[in-house]
Every structure is written in structure tokens, then in C-alpha cells.
Amino acid sequence: MYEWLAINSPADLAQLKNLIPGEYEPAKVADKLAIGISGAVKGVLIERYYVDKDYRSTYYNFYSKMGMRYRTDCIRLHFFDETVSFEQPLHRLRWSGSPNPLQDHYFGFMVLRPTGIATIGRSVVSPDVRSGCSGFIVSAKHKVHLLGYTLTVEGFPSMDQHIDIAVCAHVACWAILRHYSERYFTYCEFLTHDITMMAQHFDPGGLVPSRGLQVSHAERVFQEAGTFPVHVTRSKSPSGAAVDGSFYRQLGAYLESAFPLFAAMHDKRHAVAVVGYEWRQRVSPRNGGVRYAWDEVESIVVVDDNHLPYLSVSATAGSPYSAQDIDAFIVALPEKVFYPADAVDKLEPALFKFGALLGLPAREDTILRYFITTGSALRRFVREHESEFDPKLVDAVMVLPLAQFVWIVEFATEAQWSAGRITARAIIDATASLRDPTPLWLFHGQTTAIVFDRQKPNDFNGVGVLALSDPGHAGFSRMVQNLRSTQTK
Amino acid sequence: MERKESSQMSSSNEKSLFEMIEGLTPLDPTLLAEFKDEMTREVIPEIVKVVEERRLAAAESREWQLKC
Chain F
1 MYEWLAINSP
11 ADLAQLKNLI
21 PGEYEPAKVA
31 DKLAIGISGA
41 VKGVLIERYY
51 VDKDYRSTYY
61 NFYSKMGMRY
71 RTDCIRLHFF
81 DETVSFEQPL
91 HRLRWSGSPN
101 PLQDHYFGFM
111 VLRPTGIATI
121 GRSVVSPDVR
131 SGCSGFIVSA
141 KHKVHLLGYT
151 LTVEGFPSMD
161 QHIDIAVCAH
171 VACWAILRHY
181 SERYFTYCEF
191 LTHDITMMAQ
201 HFDPGGLVPS
211 RGLQVSHAER
221 VFQEAGTFPV
231 HVTRSKSPSG
241 AAVDGSFYRQ
251 LGAYLESAFP
261 LFAAMHDKRH
271 AVAVVGYEWR
281 QRVSPRNGGV
291 RYAWDEVESI
301 VVVDDNHLPY
311 LSVSATAGSP
321 YSAQDIDAFI
331 VALPEKVFYP
341 ADAVDKLEPA
351 LFKFGALLGL
361 PAREDTILRY
371 FITTGSALRR
381 FVREHESEFD
391 PKLVDAVMVL
401 PLAQFVWIVE
411 FATEAQWSAG
421 RITARAIIDA
431 TASLRDPTPL
441 WLFHGQTTAI
451 VFDRQKPNDF
461 NGVGVLALSD
471 PGHAGFSRMV
481 QNLRSTQTK
Chain V
490 MERKESSQMS
500 SSNEKSLFEM
510 IEGLTPLDPT
520 LLAEFKDEMT
530 REVIPEIVKV
540 VEERRLAAAE
550 SREWQLKC
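As you go down the protein sequences, you meet chains F and V in turn.
Using my numbering, you'd call the opening residue of the first sequence number 1 and step up by one each time.
Using my numbering, you'd call the opening residue of the second sequence number 490 and step up by one each time.
Just chain V, same shape as in the assembly:
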């Protein structure tokens, strides 16, 4: 019981980033939305595609013989 209280206390005492770093102001939500939109629509699908292509290419090259 005592232990639970202690853990609740530490969670409620956890400081947010804005409390830890003095002078922070919120980022313009439009700019953040634009960034996330670019990531979600363009960048992440491209990353997933490239990583999959690399995986397939690596599977092929695993068989290469090296002896020089």
C-alpha cells in the first residue's frame, strides 16, 4: 500500500517538458500539422517502401560468395 502511494506520488511529481525547460512556448499548431502531414502522407510511406526494398535486396545478396 505504501509502495503504491509512493509510485503515485512520483507520477504526479513528474515534470512536463514545459516545466523543465524555461522559456518554452507552444509551436504554431498549423506548422506542426503540416510537418505531421508531410511525414504521414509522403515520408513514412516512402521509408516503409525503401526499407522493404532493402530487405529484399539483402536477401538476394546473402548468397554472394566472397573469396579473394
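In isolation and in its complexed conformation, chain F is listed as follows:
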């Protein structure tokens, strides 16, 4: 039932075709792995007769109704580093030379479906072992039960599309919702077949789902799953005009907030889940105005059902596509985010009214980054970085009656950006009305903070200034809490 394949070079993966029956398409899988998985994977444990809930959902509702006989069981491949070995008689995993637990040597799993084509099923692989992937990734910890060991792998779910009954858009919805159900207790788990059902008002039956989805169907899937999807479409730029920069800044902001995005490419009729990004090595050149975090993005990381997960895609141009091919996205938000990224994106001129008081950098030297987080995550960050702040500012953050979600806007100089530091931070109420003239809770620089009493929104006396002692450092730490940094192996 279990078999160990030692990997000394990528060519060793070709042995999979001798160990796995043809309906799991082992040769193609081996080729994909040889190119896409790093040399840190030194052992693959093959687990046969694996019951995969997602494959079974499609088996019960589709494959079992076909004339050709399909197996009910899957094969699961588990990836390990060089310290792990397998003892056949006792089916025991051994790891040597490291005091760390087994899971520190585990890189995740890949299910193979017995469908003959597009056989890569539910997979959660660490981005650390994906060739060409680096940067920051939206991830969750997934529990794995194997041979009596309970392991976890931190990553983002992926699979190939079934072709017959599900297309790219179904897979992107499935991957995002599976991430949600693993990451947040609030959301239920939906299987592959559930997603095809949720997309329509009626049971689409048979091959109908394979004819594709409209963007509105994907929106419906997210609504059915209990999220509150926001659908953002790129403005059409007249010929020769600049592209809609605000669209990409918002895409980057929601991503930075750890919301994976359902991204649609109209011309390519394709959909992917955007799950990460990588910064440029050098900051972008000055443009005479404020620069945004998106300007500093080198590439985005996508989960595309035609490739292994964590495909790195250029922000500007490249093959098979780039971020510039994305012309709409859906972000599945929790209920209480009423103030959209569009509004935060337009706030900059007003925020600079406080520039002199707060010591904001000059506009042309400012790189602005904004994202959503929770009030509790903000307080945790401030607590963890307490020594950077005047105690009066720490007190203010702790006692402000923040809403559950807040937008954070960080101001950094070019030099600070490279060092992961910032000059100032504005905390905006994510539950504010679009027409709120003071949607802020707090706006602080290094020596001054402005505190807004949102219980008295129209009262001039409800806004106070706090003089802070000079922290004596070159900037506060950038708040990077929402995404996981890859550690290439």
C-alpha cells in the first residue's frame, strides 16, 4: 500500500510510471514534478487506495454514471526532505540528524485521480519547494493524517481542472473556498462537485459545467459560500492612455490583506487564483507623485489549474500571461468591510493635509501601501513591536474602540521602503460610509498622532493630538503579518 521513492535527481521521478498504474497518468505527473519541484524534495512516499473526498464527490455525481469504469480510489504522493526515510516492515517514517519534528521535513501532498487525463487532484504543497516561486504567499495550515502521524503543511490548495465536469473557474473558486475553510472557522468546506452546483440556480447536470462559467457564476459561488464578494473590473483605457493603475493597486491591496483573488482574463477566457506576490529588488523610479506598493511588485503568484501551484507571473509582461492580462477580479470579503479599496485609493490627497503636522515625507518620495487587517491583528502587531512606540501611542491603540476590520495606510520614504520601515501609519475604519468625511481612527507619525473619536464624528472636539517622544529610530516596522514569506529550499 505504501512505497518509498528516493529522489537523488529529478530524473528519479520518472520511476513513478513504474510504480503507479496508467490511469493516474504517472509519466505526465513525473514530468511536471521534475520541472516544477525543487531539489530539496529527496523522498516521495506513495500512498495507494487513498479515499479523496473531492474526487469522490465527482465520482458519485459524474464518473460512476459513465459507461467506462473508473476506480473509486486515488493515490497520494507525499514529499519529504533528505533527512526522512521509510521503514517498510513497520511502515514507519524515520528522520535523522534533526531535533525538529517530522512535519518540519514534510513539504505536502498531491492526490492523483484515476481519470486518465488531468489527474492531479487536491494538492497542498509548500511554496518553499516550488521552483521559481518566492515572495509572500497567502497560506493556511492543512492537517494531514499519514501512517498514524499527524502532519501539517502550510500552503494554498490546488488541482488540475477535471475538464469533463469542471473548468478553470470552478477550480479557482474551489481553491479559494478550500483555503477559507481551512484558515477560518466561519466557512464550511465545499467539495469539487458542490462548487459546480453552487454556480447555477439549478442542477446543471452532465457535461454542462464543462462548457464554462461566466464571471457572474463565480460571484454566485462565493455568495453561496457565505462570503460577500466584491467584483472589480478594470476600466477601459482609451488607446494610448495609461492603464487603470487603481485597479492593480486594489488587486495588490486585497492580496496584501491575505484575501486570495479570483482573477479573470477576458481575452484568454481564463481564470486563476492570485495568491501571492514578490517585491522588486530595486524601488521603481520616481514619477513626480506618490508611488504605491503595486509599483514595487515584480511578479504575482497564481494557482492556475494548467500548471503546478505557485506559478510566478510577471506584473508587467511575459508568458504564458502577465498581471496585465487580468481585467477583473473577485475578492470574497467578510461581511463587515464596507469601505472599498477604491475609496482608500482616493484618500491620499486628503491625508497629505496632515503632512506638516505628522512629518510625512514629500509626495514624490512617498511609497504608499494599504491593506485590510483586523483590529485585533493591529493590536497584536503594536504589542509585539511595543519598544518602537511611545507608550502613549500604544495606549491609544489599545483603548480605541476599533471596528473588527480596519484599513491600514503606511507611508514610507524610498530608503525606508527598502529597509521594511515606515514613517507614518493611518488606521481607517473599514466599516465607514463612502461619504464619511473623517473615516479615520488614528493617524500617527514619529512624534505626533491624531486620534479621532468616532463616537462623536461631527464634533470638532472629538479629534485630539498626541505629542509623542521621538522614538530615535529610522522608522517603524512595516506591518507584514498577513502573508507567509517563502523560504526557498
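By construction, these hints were calculated from the structure, which means they are not laboratory data.
Note that the structure is a prediction, hence the values are computed from the model and not measured.
Hints may contain errors.
Stated by the list, open to error - Cβ-to-Cβ under 7 angstroms is the rule here; a few derived chain F residues that face chain V:
1) Pro101
2) Leu102
3) Gly212
4) Gln214
5) Ser216
6) Ala328
7) Lys353
8) Lys392
9) Ala396
10) Ser433
11) Pro437
12) Asp453
13) Val463
14) Gly464
15) Val465
Claimed, not checked - In silico negatives: residues of chain F with every beta carbon more than 12 angstroms from chain V:
16) Leu146
17) Gly318
18) Glu348
19) Ser376
20) Arg383
21) Asp395
22) Thr431
23) Gln481
24) Asn482
Just so it is clear, CB atoms sit at the ideal spot from N, CA and C, and this is done for glycine as well.
Start from chain F and add chain V according to the hints.
Relative to chain F, chain V alone:
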């Protein structure tokens, strides 16, 4: 009756921001007025316009077919 008194008491005991955060001084009213003026005259109309444009663009893209 008892319940009402209790609620009145909690309301009167509610502390203002200035009582909760030590060292707060009022913001220069001119600066706040300038900020609100910028928001009311420029920023909010722009936000409302952009949000409406996005809504219309989204309505169009809902029909896009995805199948790759």
C-alpha cells in the same frame, strides 16, 4: 425601572476619548476644517464617481465566459 437607571448610569459613565487617552490636546480646528473641506469637495465626490463607474464596468464583465 431598575434596568433603566442602570442603563442611564452606564451612559453617563461612558468616558470620552480625551478622558481615556492621557495627554490628548484638541487638533487645530483650521487644519481639521481644511481636511474635511478637501474630503467633502474633492475626495468624496471622486470616490462616489469611481465606485459607480466600477459598478457599471462590473455589470458588463459579469457576462464574460471563462473556459480554459
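Hint check results:
no.: 1; hint: Pro101; result: 41 angstroms, violated
no.: 2; hint: Leu102; result: 39 angstroms, violated
no.: 3; hint: Gly212; result: 3 angstroms, holds
no.: 4; hint: Gln214; result: 6 angstroms, holds
no.: 5; hint: Ser216; result: 4 angstroms, holds
no.: 6; hint: Ala328; result: 4 angstroms, holds
no.: 7; hint: Lys353; result: 5 angstroms, holds
no.: 8; hint: Lys392; result: 5 angstroms, holds
no.: 9; hint: Ala396; result: 5 angstroms, holds
no.: 10; hint: Ser433; result: 10 angstroms, violated
no.: 11; hint: Pro437; result: 4 angstroms, holds
no.: 12; hint: Asp453; result: 4 angstroms, holds
no.: 13; hint: Val463; result: 4 angstroms, holds
no.: 14; hint: Gly464; result: 3 angstroms, holds
no.: 15; hint: Val465; result: 5 angstroms, holds
no.: 16; hint: Leu146; result: 34 angstroms, holds
no.: 17; hint: Gly318; result: 17 angstroms, holds
no.: 18; hint: Glu348; result: 9 angstroms, violated
no.: 19; hint: Ser376; result: 18 angstroms, holds
no.: 20; hint: Arg383; result: 17 angstroms, holds
no.: 21; hint: Asp395; result: 6 angstroms, violated
no.: 22; hint: Thr431; result: 15 angstroms, holds
no.: 23; hint: Gln481; result: 24 angstroms, holds
no.: 24; hint: Asn482; result: 24 angstroms, holds
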